[in-house]
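Chains as they are written, first to last, in the working numbering: chain A, 1 to 1227; chain B, 10001 to 10081.
Calculated from the structure, these hints are not laboratory results. A virtual CB, placed ideally from N, CA and C, is assigned to each residue, including glycine. Please note that a few of the clues may not be correct.
One-sided and incomplete, this derived list gives chain B residues near chain A with beta-carbon spacing under 10 Å [claimed, not checked]:
1. 10017
2. 10039
3. 10047
4. 10050
5. 10051
6. 10059
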Amino acid sequence: MADLSLYSLTLLPPGSILASVVGNFAGLKSQELVLARGSNLEIYRPSVSEGTLGPPLLVHPTFSIIRDIQAFRIAGSSRDLLLITSDAGRLSILAYDPSLNSLNPAQIETFGKTGIRRVVPGQYMALDPKGRAVMLASLEKNKLVYILNRDDKARVTISSPLEAHKPHTLCYSLVGVDVGYENPIFAALEVDYNGGGDKKLTFYELDLGLNHVIQRSTVIVDQEANFLIHVPGGNDGPSGVIVAATNYLTYYTLDPKVSPLRLPLPRRQYENSSDIDSLPVIVTGVVHKIRGQFFILLQSNLGDLYKVTFELNGISIDDIKIKYFDTIPVSKSLNVFKSGFLFSASEAGDPGYYQFEKLADDDDEREISHRAYEVNPELVEATARFRIKSLDNLVKVDSLNSLNPCMSGIVANLKNDDDPTPQIYTVSGQRNQSRLQCREFGRRVTEIVSSELPGSPQFVWTTRLTSRDEFDAYIVLSFLNATLVLSIGETVEEVTDSGLLGDVCTLLIQQVGLDSLIQVHSGGLRHISLDKTLTTWTPPSDSGEVVLATANNSQVCLVLGSNQIVYFEIDEFGQLNEYQDRLELNGRPTAIALGEVAPGKIRSNFLAVGLQDSTVRIFSLDPDSTLENLAVQALSAPCHDIKTIIMADNTLYLHMGLTNGTYIKTVVDSLTGELSGAVVRFLGPVPVRLAKVFINQEPAILALGSKVWAGYIFNDIFQLIPLSYVPLGFVSSFKSPGCLEGLVGIESNHLRIFTLDSTNLYDKFTISEIALKFTPRRVVDGGKFLYIVGADKNTQYIESTDLYRMVTIPGTWSSAVQVVNTQTMQISEEDVLENNEAAFGITKCQFKSTNSNEEYLIVATSVSQEYLPRKSCTKVSLRTYIITDHGSSLQFVHSTTLDREFQEAPTSLIAFQGKLLVGLGSVLRVYDMGSKQLLRKAEIDLASYSVTQVSSMDTQGNRIVIGDLRQGCYLLVYKSADNIFIPFCDDFVARPITLVKFLDYDTVMATDRWGNFFTLRCPKDVSEASDEDKYGIHIKAKPKILYGTMSKFTLVNHQFLGGDLATSLHKTNLLTGTDVEETNNYECVLWTGLQGTLGLMIPILTRSDQEFFAALQAIVLSYLDQIAKQCVITNNQDDMPQLQNDFSETVAGSPMPFTGSDLKLLGQGTGRDHLKYRSYYSPVRSTVDGDVCELYLKFSRKIKSQIAKELGRTYWDIEKKIMDIRSRVAY
Amino acid sequence: MRLRAGQQFEQQQSRFIGVGNVNTTKQEWQSNVHRDTYASLIGHPATLEQLAISLGLSQEELKLQFINKMIQPCGPVTKDG
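Modelling step: build the complete structure from the supplied sequences, incorporating the hints.
Structure representation (structure tokens):
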């Protein structure tokens, strides 16, 4: 089997939020926020005191397309549960378990077919505000009601569905009406398309007594109504719903006889009175109750928030008022927290977290009231205006990072000359959220101090004075022939009375026993107690000087020049006692490390010694077998440094930095000292020194090579991530009242104190960004500069308003070409297009005919572009710019108006053999440079091959691949002798291709507009035939097959990308870049997704690995499935025995293999079959889902071993394989 | 036998939207396809987002437009389709 097999991996999960809900999911006092982000569920617990969202508590991959989520609380329960509908055709109730930190299903109810279809309910989900019932609706016809309840053990139960179908009826919006504890009522905004097409508000009542849903009443509402929001009822308010239509709100009570209350929405007013917006449409809203009162916040399609308040007189309504509140980016959903914060899941850009400063109660903003409108509607409507203002009632306090919507990207190393790691540049956002982001692999650090020193220190240590101290007291700097002691306090000052010897090169400082310090230097060891009593130890004269030392709080080991190891212990009186024997080694030790003293123990049992002969040896320090050799492991080079650390998963790890720049992490068996499960990483051509530090209160390792790498366990997975900082020679951790997790390091003659940003450990990237003018469309790179075209529909650029730079005016376009300097992240040049001209395509091109190396930028534009009802524009042109000043500026040369009636600007332009190749509809055209305009040199109309719209192109040699928006991919060969193109291979099925790129000469990768990724291969004989003769006579003569070309591609790989749509494809290696000279350079495919995903496709190299990963995926999925099933069974069974023992039998007699912490669902939970999900449109082929495989790392140790046993491997071996395939090409 | 099959067929037609018969006009068939398409475009979050960005609308506005189009996707009902 020579075929390609791929391993798909998510580098950055999608950022697009479909829905967000707030609730007490953990059953604690705090409120949690749950986001449906792409196919993941994320839980956040915002910090009230700090006003931040914080890092997510949990990211739960559901492996399904989420349709809606809601939170509900069963009466009498103290916590909220999560309802979720997905493309599984199932309704699932998930409960958050704070102790396990997992979302476990309580119920999974099937109601329809899988997939997202017109008549399968789940598009809308509305809850009774008292949590008694939920209504699911599809876009057309079907509505189901489930009754939610609890049994006597407070477990949630769900009824069988009650139907409320209505044929030929389309549903626009669905909401649960607050009726207190009367029968639950749902309101739907509907149109019967066979019955006149009137828009109706229908109330459905669930009769709890009869277990039946009836249609209670129907009223005809505003034809442009689109959105419903409930008004608090019962004891809290008047009940009913607000129907939001374009420019109007209408309030309806449940009683059809009561006339509705109507009022207009305030509209924007601009400086220039001729600037008129389209009428506002309400897109989302939120109801908030505070202290017996309530208000409603609604947001319009322009982002303006309105506050709606009710004036009540007992139970009757006196008046309804609305006023402009603030303007924030347009949201998918809004959530108000009890603590006075607002979360906005913005459609584009970073979702924002705001604090309410005030509630606009007494400002001078004009308020529109229903009473006034009733009296004089024309006047009120004409004067219902406001001026947009900067945030007044809200303050933005935090935001989540989101790449959504990511329009395109570039992977290239444009920044560093000495480091091959490429950066990922993405253009994302929409309108005034548009930006270019540069992601560099590495975590950001914050520098606190950087000070120059008189010399270059060898080592730096921090130490406390007694074991009870919380903070460090001294910083000790060791120079070649001196030691400097600094005190840590308000100011950093030199200490002279520390008792430490100042005129030697210190090898080690360690606080030992209760209250003493030891200082090791080449001449021996000094043991200084708090009262400055000094004990010294000097090596015997025949043994040479001390060369290496290691110590922990109760043990000290010294290596002498004669390759002897001296071992000391500190007894309970603080006395230093030498062990009677010395260990004679055969080779020269290069590194030494004492194990950590586990909590509750008095000593570490292991001593690790790295020897010059490229081995590492473990010696026992157990009193019964002191200095006995326990284990040996051969290495690729001698150790430069060794550290042993008990990390967050309570496992003792041996970290080794080798002289050849390799870092190795292995596990030390806590009983036998055996080494296993090595993880090897090459960090650069510099010997690696190590430092033990704390990250997020957990022990971590720093590997100091050509960069500083931080290794820590996060989210149950070991991460090794570089810091975006200078390379350091030595690092110690540093703890003071002002800086709890500081690090102090030395870099030649600089002392640097810094901290790691631990706020978001999820993000492996350091992000720098710059705002762009308009929604970016495409980007090309040229050396250190990026060229970006942006265009916005319905938008006009207003110079004067800096806050919201744009006005929405239907039918207008704003567009610009911008040049960004990637070194400074600044815009170096921009060309704003005028007269409704908008740029969509861009490429960089050199023209051979100009006989110069000058580079040109070709920008494809169209004027007054419209898409609906059909594509049309008044003019299509190619604007040519010459790139000057080493890339930083553009000079307009000429514009070429295309002669034929093309209905949109071409988006596929590439440089082709010293000319420009453009795909225009079904036509391919070659242009060359002319003095007045571009000159047409060759053309082929591919309509006879069924091509309709070329969407993407790529070229290699004489070969071109084009992607057609309807028909799939085509391979063409260019015969320069005749100046013709001959199509010779195409797709066997029609696919709506959006992107296509060569993987190799015969293989192409492509994505389609439904979110599939696939690779296609041209048959070998056809490929050879195409290149055979100069004129292509042979392939021209072959008959066409099925209105296409002479032969068809074969499908190699196929995978559904998980709901996201790819916006760019790159062949790269994220660690070493695309270095053609490197022969051993593995490459992978990186794709950027519209919803903000960064994903990888990594080739699996061997047949055995293919089988292994496929088997691992299957087995992990089967475990997830079993756990999910057991969660539901556990919830539903009447008398569950207390599961104490493993594998205890249940009442039903079926084995319940998962207990306690094993019963933690790591993924899924919506009831979606993973195989069907990845085969959403077409069966998955030769692709393994790496995200599933990586879940293996998060299983409990018991399940890991169980899976390993079933696969016939050890779990270290499996972990290593999973880590290796990722770290070969990425991070 | 034939009567029973006919009844079953009618039942299927009422249960599943889009099941046609000999008298289904081209317009009815096309309307059905269009409605399915719009429902899919609305239902898949990324597709809706992509279209909303390119049309310069908010997602809610586009959803409203698409559901409006589902009312009569191929114009008013005519006799011969």
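Hint check:
1. At its closest, the beta carbon of residue 10017 (chain B) sits 6 Å from a beta carbon of chain A; the interface hint therefore holds under the 10 Å criterion.
2. Taking 10 Å as the C-beta cut-off, the interface hint given for residue 10039 (chain B) holds, the closest approach to chain A being about 4 Å.
3. Here the hint on residue 10047 (chain B) is kept, as its CB sits about 7 Å from the closest CB of chain A, short of 10 Å.
4. For residue 10050 (chain B), the shortest C-beta to C-beta distance to chain A is roughly 6 Å, which falls under 10 Å, so the interface hint holds.
5. Because the beta carbon of residue 10051 (chain B) sits about 9 Å from the nearest beta carbon in chain A, less than 10 Å, this interface hint is met.
6. With its C-beta approaching chain A no nearer than about 6 Å, residue 10059 (chain B) sits inside the 10 Å limit, and its interface hint holds.
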